[in-house]
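So the protein lines, in turn, are chains U and G. Residue numbering for the first sequence follows this note's numbering, beginning at 139 and increasing consecutively. Residue numbering for the second sequence follows this note's numbering, beginning at 322 and increasing consecutively.
In case anyone wonders, no lab produced these hints; they're calculated from the structure. Remember, it's a predicted structure, so these values are computed and weren't measured experimentally. Check each hint, because a few of them may be wrong.
Stated by the list, open to error - Sample of chain G residues facing chain U (criterion: CB under 8 Å; computed from the structure):
#  : residue
1  : A354
2  : L361
3  : L363
4  : E364
5  : P386
6  : F387
7  : R391
8  : M394
9  : S399
10 : L402
11 : L404
12 : A493
13 : G495
14 : A503
15 : P509
16 : D510
Ideal placement from N, C-alpha and C gives every residue a C-beta, glycine not left out.
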Amino acid sequence: MTGGPLVLGIESSCDETGVGIVRGREVLANVIASSVDEQARYGGVVPEIAARAHLEAIRPTLERALAVAGVRIADLDAVAVTAGPGLAGALMVGVGAAKAFAITARKSLYGVNHLVGHVTADQLHAPGDEPRPVELPTVALLVSGGHTSLLLVRDLVDDVELLGETLDDAAGEAFDKTARLLGLPYPGGPSIDAAAARGRPDAIRFPRGLTAAKDRERHRFDFSFSGLKTAVARHVEHAGADGAPVAVDDVAASFREAVVDVLVAKALDACAATGVPRLLLGGGVVANRRLREVAATRANAAGVRLRIPPLDLCTDNGAMIAGLGARLVEAGVAASGAGFGVDSTLPVGQVLIR
Amino acid sequence: MLLAIDTSGATSVAVVRDDGTVVTSLLDEDVRAHAEHIGLMLEAVLDRAERPAIDAVAYGVGPGPFTGLRVGMAAARSAALVLGAVELPVLSHDAVALAAVRRGLEPPFVVVADAKRRELFATVYRRLDAAALPVRETEPTVGPDDRVPDLTRVVGAVDAGLLGVVAALRHAAGIPPEQQEARYLRSPDVTIATVKKSVLG
Ligand SMILES: [Zn+2]
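Pulled out of the complex, with its shape left as it was, chain U reads as follows (with noise of 0.2 Å):
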């Protein structure tokens, strides 16, 4: 159980620098440094703000990790990194660091998608703990700031199948934005959380986007959220022009019941139109608890296994771009070269850049 590649994997593709190491699907360490402070004042991610802060963080975040993880830079097998998908500038800077840290030490180089990388979260395991089985193939949801994608998984390494995504906002954004307009702190995931637990989730219908039937033939797996962040604005100016306060909980409430409602009908509308009986969700939101209560009550009367890997692990970290870099080394695949380049939009079945 504690065999496999060693292998240290670097993730900078929105605002956290993660590196983890893992040996085979044993996490000896992951490290992230968040620059969410930092963004806070602005509501959303900066990308300028991330890439600076990226660059001041990576080489530390890589000492601790190797001091974490009690290895040596010479005993690595691999050096893998996200290539993307992600912001531009915030992956060059762990895409440079990568490139020297692998050609100076001589190690190979993989560099991996992002989206993929979450998925491998769910292989992976703490020093000492019972590996987890692979159960593949899965249904994976993954809800970040960043995405919001609905994936087919077969197999990590050669067969990942995009299912649909988000036409405008990723779902953690559409939190950010409506925690602002309902004047809640940044990041919106968890001050909206806070104030829907006080708050009646059906106290105003909000629209669940692409649900309706003519959606359902060209968008049946695809997310917008543009529609409800803007029921939202219309209710919060609706209550204001009235003289009435906004009842700020329930507006919370309804909004998360009507993000969580689609996440988990289309996540569970995938399950039964490929006949896979397992669903996998990653990302940031993951977090949200009335996603995973939701999840677990929906999934378990569909007859559907439902796998959340723990929340360090579900976040943007470096630890799965790792897993997935120590996959594709056991797999055999050759590793990606010196030459490659960022690719901000990479798509999913893409697992490995060259």
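Based on the hints, put chain G with the ligand in the right spot on chain U.
Coordinates of chain G with the ligand only, in the frame set by chain U:
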């Protein structure tokens, strides 16, 4: 032996001896593909120098376009960690100034570089120090053309070889290195990331 990296404009990687002689230096003028070039050039330079023992990594801290600048800085810091080498940050314009002096130009002069938005990065050099290195009169500035001091203008790509020479000679003379922070000289633009077609983060 020093490894030197600069991506403040072009991409350049070099290996330089402690006495300030250049072993090998590569420069790619493409100002768009730093992340792609840095790996291949680093590999080529280290191989060409026959993988020497490196005890210092010099790197340009700008000024220059931010996105590219960071690629080289991140690479240099990570290389220094792996190699157990000291970091020797260098103001990128110092290498351009040294190139000018070696071409026979005498200070005073001003090194300028395009800062976009109809502005220039500018650094004024007034004299040479004991090691015959050009000495800055002021820290670099960013501003419109008409604010640049009326001196001979020097432009040119930053050669990591000369950047390494500056670092090596200063190090040998016991002059402390620059602050390691990137010389952005501008506050970050505040535009919230919006995901047009899914996919980031
Ligand atoms: Zn992510």
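Evaluation of the provided hints:
1. The closest approach between the C-beta of A354(G) and any C-beta of chain U is roughly 6 Å, which is under the 8 Å cut-off, so the hint is satisfied.
2. A least Cβ separation of about 5 Å between L361(G) and chain U falls short of the 8 Å threshold, and the interface hint therefore holds.
3. Residue-level restraint check for L363(G) holds (minimum Cβ-Cβ distance to chain U is 5 Å; threshold 8 Å).
4. Given the 8 Å rule on beta carbons, the hint for E364(G) holds: about 5 Å separates it from the nearest Cβ of chain U.
5. Among the interface hints, the one on P386(G) is violated; its C-beta lies about 10 Å from the nearest C-beta in chain U, farther than the 8 Å criterion.
6. Interface hint at F387(G): satisfied, since its Cβ lies 7 Å from the closest Cβ of chain U, which is below the 8 Å cut-off.
7. Taking 8 Å as the C-beta contact cut-off toward chain U, the hint placing R391(G) at the interface holds, the least distance being around 5 Å.
8. A distance limit of 8 Å between C-beta atoms decides the matter here; for M394(G) the minimum to chain U is near 6 Å, and the interface restraint holds.
9. Interface restraint check: S399(G) against chain U, minimum CB-CB distance 4 Å, threshold 8 Å, status holds.
10. A hinted interface residue such as L402(G) counts as satisfied when its beta carbon comes closer than 8 Å to some beta carbon of chain U; here the least separation is about 6 Å, so the hint holds.
11. Restraint check, L404(G) versus chain U: the minimum CB separation of about 5 Å is within 8 Å; hint holds.
12. Proximity of A493(G) to chain U is violated relative to the hint, the smallest CB-CB distance being about 23 Å (cut-off 8 Å).
13. Because the smallest distance between the Cβ of G495(G) and any Cβ of chain U comes to about 25 Å, over 8 Å, the interface hint for this residue is violated.
14. Because the beta carbon of A503(G) sits about 7 Å from the nearest beta carbon in chain U, less than 8 Å, this interface hint is met.
15. A cut of 8 Å between beta carbons decides the hint on P509(G): the least distance to chain U is about 4 Å, and the hint holds.
16. About 5 Å separates the beta-carbon of D510(G) from the nearest beta-carbon of chain U, less than 8 Å, and the hint is met.
Hint violations for this structure: numbers 5, 12, 13, all remaining hints satisfied.
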